[in-house]
Amino acid sequence: MPEYLAPGVYVEEVSFRSKSIEGVGTSVAGMVGPTRFGPIRGRPEVVTSFNEFQRIYGDISNLNYSDSSQPVNYTALAAKAFFDEGGKQLFVARAFAPDGGSDGRSAVSDSDGHVTFRSRFPGAMGNFTLEVNWADSENLLVSVITSAPAEDDIVFIDATGLPANAIANGSVDGARFPMGIQCIARRVGGNFQILEDLAEITAADATATTAADIVDGGNHLVIANMVNGGGTSITYTRVTARRPSVGELVSDTAAMLTFSEPTNLSSFYGGDSWGALTHLYGTLNSAGTIFTLDHNGLNDGITTSSTLYLSALATVAPSVRLELAQRTFSVSVHNGDKDDPIIYTYGPINTGHEGSGSLIDVMPMTPNKRIDALSSPVGVEFANDIAAGEVMTALYDLFNDDAMAPSDPMDLDGPRYLITLTGGDDGVEPETTHYTGVTDEVDGSTAFAALEDIEDIAIIATPAAAALSETHHRGVITEMRKHCRKMRYRVGIVDSREGMALSEARNLGAVFDDSRLAMYYPWVVTTDPRGLTDTLALPPSGFIAGVYANTDVQRGVHKPPANEPVVSALRFAQDINHFQQELLNPAGINCLRTLTSGGNRVWGGRTLSTDPEWKYVNVRRYFLYLERSIEKSTQWVVFEPNNERLWDNVRLTIDGFLYNEWANGRLLGTDKTAYFVRCDRSTMTQNDIDNGRLVCEIGVAAVKPAEFVIFRIGQKTADGNG
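Counted from 1, the sequence shown has number 293 at position 293 by full-length UniProt numbering; the numbering is strictly sequential.
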């Protein structure tokens with residue numbers, strides 16, 4: 001009780017009404033079966049559209065088991081049918097059976113084992129093609145023709161008709177002049193130094209001449225005597241790497257030179273020959289004048305440290321590009337080949353071997369965010385001894401050589417940086433035990449056991465099980481039955497087998513006498529969304545689950561999910577007539593029929609129970625709805641003082657809920673006869689009270705379906721006596 005110790009005004013909130021009960025949802029479905037991709041363990045996540053389903057569990061293409069069989073992907077097609085028929089929320093638990101020691105995941109590693117890309121989930125769909133897209137693809141080369149190179153400028157000199165006084169070494173035979181020179185030179189004071197003897201010299205008398213022949217203490221050319229005119233032509237071209245639009249050029253900045261075709265610069269380059277390579281990988285100096293070629297495997301044939309003065313590119317400048325290599329990039333995941341759709345993109349990523357933004361940070365095998373854990377298809381693993389710079393080397397080792405340097409000059413795509421994952425498969429066909437699943441609080445539960453963690457599910461389906469052997473089909477139905485009983489508030493939809501005869505359908509239904517199971521017959525024929533055939537026959541449970549969910553939302557769970565259209569059906573696999581249904585309906589087999597005036601419809605609403613009290617699906621599901629709504633909304637009662645005041649409160653709470661149900665047409669009779677609620681001394685003994693039990697009895701007159709509509713018509717006379 002509150003204490004009032006100081007004088008004043010006290011305002012207190014109190015309740016003068018009974019608690020209310022909110023009806024629970026009944027349209028949430030759960031599905032168990034094999035899919036092409038997606039998590040196997042852990043709490044399933046709700047998907048609210050088929051696009052969401054595909055993002056997590058893969059597309060509708062056929063499965064690809066390790067024995068080379070490719071069965072229809074019934075789970076994905078059933079999920080599509082569920083949403084097509086009006087379903088809104090679906091939980092999927094993937095059933096996966098590994099093949100021996102294989103975990104079914106695809107992977108690829110570089111030759112040194114430094115970087116491994118691996119699909120995060122098993123499945124043949126995991127044989128992805130990854131495409132690296134460099135973020136900074138700008139050409140950094142700047143080629144400038146100058147008349148007066150500055151001190152220390154490195155330039156390409158193209159000179160013809162040079163007089164003898166232009167050569168610092170005055171002892172050169174005069175017969176060699178006028179002389180032509182093409183060379184790489186650095187300005188030092190009033191002279192040019194030809195660097196590393198990188199020059200082509202043409203003497204007037206055709207005598208072979210090298211840079212060594214004209215050297216004088218390191219000074220080769222006299223600038224003051226190199227003047228255009230009078231038969232002399234001189235061009236100075238400076239080629240450098242400019243500062244990128246983002247960041248700075250620092251020493252050892254990783255870069256890539258790209259030639260439009262194989263190029264020979266041996267006259268102005270003294271290192272190892274790169275042969276026919278059109279992509280050269282290396283580093284730049286901070287001045288952007290020297291390119292040092294990588295000799296650790298990125299460039300075939302380059303085995304020693306080799307430098308290229310960028311001014312040597314003056315002879316090929318229009319056909320060469322220089323791009324930063326150590327920069328941010330993204331990784332696109334293609335569902336299959338390089339030209340297949342992109343299903344996921346990672347980025348931005350840098351080429352570091354650790355830290356924020358690195359591959360291991362952006363593409364972890366175990367993401368921290370749940371949305372990434374569900375939908376991220378690929379992860380990266382680094383070797384423990386990976387060092388700085390080795391990520392870039394590993395990437396280029398993994399890239400497809402043909403795509404990186406296309407041989408076809410008409411290839412408009414240009415170089416593409418592709419990595420292919422291989423080795424993924426869908427295991428073997430799941431059997432009963434794989435549907436049952438295991439409970440694992442550490443690594444995560446699987447299959448039916450995983451669905452136990454989701455309390456909102458009210459509808460259960462296992463469409464792919466209908467394609468198993470008869471033994472395993474019945475085994476999965478048994479597991480579904482046990483699951484529905486254990487979870488109390490769930491109903492399972494039983495699929496007939498494809499092409500079943502009437503007697504076989506009756507025999508299957510007779511095995512499972514349970515009000516929490518409803519069986520549907522025959523299969524549904526639709527257009528083939530895979531595009532492989534014109535039509536495709538599918539188990540009915542995905543369609544029926546959607547009909548259940550849509551009926552619950554549009555009309556209410558009290559409405560039988562029957563005489564409802566199957567909107568995505570072309571027809572049914574067997575044309576059931578009235579007389580055939582007379583054999584099936586009493587056995588609790590719900591028929592799907594094509595009616596002359598109604599189209600393709602669900603034409604049955606019974607459970608498999610032989611108990612007349614629970615023979616209708618809507619009655620069973622409506623009571624499950626009532627029970628769970630009352631259970632969920634009366635938790636406040638626990639540990640309250642067990643006396644008349646509490647009993648009255650409970651009675652009023654439930655009475656108000658049931659009155660609202662009656663007012664909405666969900667109960668039969670008047671408000672006085674449709675239900676009763678008792679919670680008093682007549683429902684509890686003193687022993688019950690002493691042992692902490694509160695007993696409330698509730699009676700409800702559920703609405704039954706008008707399954708047989710009978711009009712009695714007879715003749716009468718016109719004498720007015722009836």
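Certain hints may be false.
Claimed, not checked - Now the in silico label distances, taken between C-beta atoms and shown as ranges: (1) Thr533 with Gly347: 37 to 43 Å; (2) Pro367 with Asp337: 23 to 29 Å; (3) Pro364 with Trp636: 40 to 46 Å; (4) Thr433 with Pro367: 53 to 59 Å; (5) Gly190 with Ser356: 19 to 25 Å; (6) Pro348 with Val637: 38 to 44 Å; (7) Ala388 with Gly270: 27 to 33 Å; (8) Lys338 with Lys482: 24 to 30 Å; (9) Thr533 with Trp636: 54 to 60 Å; (10) Pro348 with Ala150: 36 to 42 Å; (11) Gly270 with Asn51: 57 to 63 Å; (12) Asp688 with Asp372: 47 to 53 Å; (13) Val144 with Pro367: 47 to 53 Å.
Hints listed in this document are in silico derivations from the structure and should not be mistaken for laboratory results. The beta carbon of each residue, even a glycine, is placed where N, CA and C say it ideally should be.
Cross-check of the supplied hints:
1. Thr533 with Gly347: 37 to 43 Å: 39 Å, holds
2. Pro367 with Asp337: 23 to 29 Å: Holds - the Cβ-Cβ distance for Pro367 and Asp337, about 26 Å, lies within 23 to 29 Å.
3. Pro364 with Trp636: 40 to 46 Å: Holds, at about 43 Å.
4. Thr433 with Pro367: 53 to 59 Å: 29 Å, violated
5. Gly190 with Ser356: 19 to 25 Å: Given range 19 to 25 Å: violated, Cβ gap about 52 Å.
6. Pro348 with Val637: 38 to 44 Å: 55 Å, violated
7. Ala388 with Gly270: 27 to 33 Å: Given a distance of about 29 Å, which is inside 27 to 33 Å, the answer is holds.
8. Lys338 with Lys482: 24 to 30 Å: Since Lys338 and Lys482 have Cβ atoms about 47 Å apart, the given range 24 to 30 Å is violated.
9. Thr533 with Trp636: 54 to 60 Å: 57 Å, holds
10. Pro348 with Ala150: 36 to 42 Å: 37 Å, holds
11. Gly270 with Asn51: 57 to 63 Å: 58 Å, holds
12. Asp688 with Asp372: 47 to 53 Å: About 52 Å separates the Cβ atoms of Asp688 and Asp372, which means 47 to 53 Å holds.
13. Val144 with Pro367: 47 to 53 Å: Roughly 49 Å apart at Cβ, these two residues keep to the hinted range, so it holds.
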